[in-house]
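J.: Residue numbers (the working numbering), protein chains in the order written: chain C, 1 to 285; chain S, 286 to 395.
If you are wondering where the hints come from, they were derived from the structure by calculation, not from laboratory data.
A quick note: this is a predicted structure, and the numbers were derived from the prediction, not measured.
Hints are not guaranteed to be accurate.
[As the list claims (entries may be wrong)] Sample of chain S residues with no beta-carbon within 12 Å of chain C, all distances over it, derived:
no., residue
1, Leu293
2, Arg356
3, Glu374
4, Ala377
[Claimed, not checked] Footprint (simulated), chain S over chain C, 3 or more residues, beta carbon under 8 Å:
no., segment
5, 82–88
6, 150–164
7, 245–257
8, 260–273
For each residue, glycine too, the CB sits at the ideal point set by N, CA and C.
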Amino acid sequence: MFRSVARLQSQFGNAFTISKVCQRSQHPRSALKYSTAAAERKRFYQDVSISQGEGGVYEINLDRRKLKTPGGKLFTVPNEALAIAVATEWDAQRDTLKFYTMHLTTLCNTALDNPTQRNSDQMINAALKFLETDTVCYRVDEPHGLVELQKNEWDPVLHWIENRYNVTIGSSSSILGPEIPEATKDTFRQHLNSYTFWSLTGLEYVITQLKSVVLSMGLIDRQLCVERAVLLSRLEEEYQIRRWGNVEWAHDYDMYELRARTAAGALFVHLSSESSTVKRKLLQD
Amino acid sequence: MATLSAPLRVCRGILKELRAQQGPTYRQSLAYTYVMDQFRKNKVTGERYCRAQQEAHHASQTYLCLLESTRYHLALHNLYHGTGERSPEEVAGLVGLRLPTQPGGKGWEK
Chain C
1 MFRSVARLQS
11 QFGNAFTISK
21 VCQRSQHPRS
31 ALKYSTAAAE
41 RKRFYQDVSI
51 SQGEGGVYEI
61 NLDRRKLKTP
71 GGKLFTVPNE
81 ALAIAVATEW
91 DAQRDTLKFY
101 TMHLTTLCNT
111 ALDNPTQRNS
121 DQMINAALKF
131 LETDTVCYRV
141 DEPHGLVELQ
151 KNEWDPVLHW
161 IENRYNVTIG
171 SSSSILGPEI
181 PEATKDTFRQ
191 HLNSYTFWSL
201 TGLEYVITQL
211 KSVVLSMGLI
221 DRQLCVERAV
231 LLSRLEEEYQ
241 IRRWGNVEWA
251 HDYDMYELRA
261 RTAAGALFVH
271 LSSESSTVKR
281 KLLQD
Chain S
286 MATLSAPLRV
296 CRGILKELRA
306 QQGPTYRQSL
316 AYTYVMDQFR
326 KNKVTGERYC
336 RAQQEAHHAS
346 QTYLCLLEST
356 RYHLALHNLY
366 HGTGERSPEE
376 VAGLVGLRLP
386 TQPGGKGWEK
């Protein structure tokens, strides 16, 4: 009984579907062992290549079969750079497929399938909801060292975004947080309206990873690099690590995962919003 | 502005990661060709400000971070979390304890 449930989960939990492979039953042993990730599938292909399909979109080929999304759609990406990055992820898999290391593939799948069935407006609202509970807006009163650290590290980013978009956000040490004026949200809403659906998918992913709209916008606007944005997002944790010591299997593990996810999200936003500029550059040469 | 390390360093970093991923044949991969192509194309002579170059530089740095972090994360995952859930004996061993060998165990009061 348990085995069949586990098998069912591993079929639905994984990030892609290829009709033939999906039929294949999982190893009974891997289902019996309590694996942390969903049971892993063997690498069933040799070559990974990309090809340009109809309408200028790029497709991923595993041997001679075309990659599909979990929803059964054809996996297509809008530009070559993204296609190559996704192909590299598939090529990097050794014996088994580790979907938790394939962040760009996951993001493309999300954008293509749109499993939550939302439109751009709903996504913008969801993103802006994060502004009310933005990490950099909530400050502590004690200990003194952390208060100073938050002030020195977070204030410059906060000031930058306030000047860049001409808005007021502010910070507060009260549990209710600062009062964000409606005008601020309107400004951001207008700005985000210019994003494509793909970019919004990536942006929302970055926001939920960093737990901060301010830091995410800083990263997307190339004001911060990934390492810096992750550091600022984990500022309190870093402070505690400095005081109590670093635990590799918890702190480093989390940090690298956060960095990888954030980098994937940021790259996804940049790659999926710049397809027009890349074309222009090619024409100039 | 975010401090970025020199483009050459980033380029070499990405190639190093690709090599770690794919072994000695990494030069034949799509990514190798594309990365080299992009770095060559975005090279400018003289110290002039070029927005496209800044963007490409930031993107390359982000990609390097993605590759590096994924590799480190996977290594840590395999080391500490890759074996699935630990048995009670192993968990006890982690904190330097041993499970009693008989019901009641040593020092059990009758």
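J.: If a hint holds in the structure, say so; if it does not, say that too.
T.: Evaluation of the provided hints:
no.	hint	verdict
1	Leu293	holds, 17 Å
2	Arg356	violated, 9 Å
3	Glu374	holds, 15 Å
4	Ala377	holds, 17 Å
5	82–88	holds (count 4)
6	150–164	violated (count 0)
7	245–257	holds (count 6)
8	260–273	holds (count 7)
Against the hints set out earlier in the document, violations occur for numbers 2 and 6.
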